[in-house]
Amino acid sequence: MLMDLKTLEAINNVVSCQDKKEETNIRVRRGAWSFEEDSILINYIAIHGEGQWSHLARNAGLNRTGRSCRMRWKNYLQPNIRRGNFTPEEQVRILELHCHYGNRWSKIAQHLPKRTDNEIKNYWRTRVRKQAKLLKCDINSFEFREFIRTMWLPILSEQIRASKPHGDPANGVDDTINRPGPVNMDYSAGWCGDGLLEPVEAHPVSGMEELSKNSGWLDDDVFRVGYGLHGFESPEWFNYKELSDGYFWLSP
DNA sequence: AAGTGGTTCAACCGCCGACAT
DNA sequence: GATGTCGGCGGTTGAACCACT
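The opening residue of the first sequence carries number 1 in full-length UniProt numbering; numbering runs sequentially from there.
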């Protein structure tokens, strides 16, 4: 009974401004797609190809807006879509590309074959934001960007390296991120929407590599990371504790 | 077992630019 | 040039799921 009411509500729901234009005399269905609808869409595109979404929606007999059809196909039904957790390689790529492109998810998705912009956006807004929240800093803050550069990327790079045979030239990862230690990243393309960060060149603090070597990064589950930035007089120090789920927590 | 709060992610929405008329 | 239509983009929502109490 509850299901019936929900379905009815979905079907009768008011559609958005643009979708209203698409709506002729029929009521447009919204909400989760059914197996039957998916089948209709897949079969139609297999025969006629994609595009012309409004016509597609009408001609295929789907009580959906063209936009809804397009979204369903692009984000879910397309055969070459890869689903599931992001690999460390993909996470590195996302972090790097977000540094370069900011929230331009479609641009980032272009560099990650088989991943949709929606998936990448969700990854960023859930996982990355969660990490920022754990560290009690803003996701766009200077501190968090430095955390990514000096902590997260090196750890992910290590995971990648550990998962590949030594000397495997096919790992496809840029050498600048395929080693432990602070990573050089180009902020100049404007990660920050706040305009606080000027283009800078990152340099490891002297003695930092020695510290990393001696500590082996992990010291009783606590990282000590130092970094220096060109133009800054003194390095800042942070204590991070790695949590079992792979996130980091800023120690008091 | 039930309630509650947090997380995830598919889907929706508003806006904008490109293009056609 | 003005207007209408469509597709794409990024932000947001909400249902389902999960963990914890």
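Worth flagging that the hints you see were computed from the coordinates, not collected in a lab.
Be aware that one or more of the hints could be misleading.
Unchecked claim - Calculated cross-link-like contacts (lysine-lysine; reagent style DSS-like; alpha-carbon spacing at most 25 Å):
no., residue 1, residue 2
1, K74, K107
2, K133, K121
3, K74, K114
4, K74, K121
5, K121, K136
Stated by the list, open to error - The calculated label-pair distances, taken between Cβ atoms and stated as ranges, are:
no., residue 1, residue 2, range
6, A162, T126, 42 to 50 Å
7, P79, K130, 28 to 36 Å
8, L77, E143, 35 to 43 Å
9, K136, A32, 35 to 43 Å
10, S54, E143, 17 to 25 Å
11, K133, G61, 24 to 32 Å
12, N122, R67, 14 to 22 Å
13, T87, I139, 17 to 25 Å
14, K133, I47, 41 to 49 Å
15, K130, Q110, 37 to 45 Å
16, E143, A32, 33 to 41 Å
17, S163, G61, 44 to 52 Å
This one's a predicted model, so the numbers in the text were calculated from it and none came from an experiment.
Ideal Cβ placement from N, Cα and C applies to all residues, glycine included.
Worksheet item: Honestly, which of those hints from before does the structure not fit?
Response: 6, 10, 11, 15
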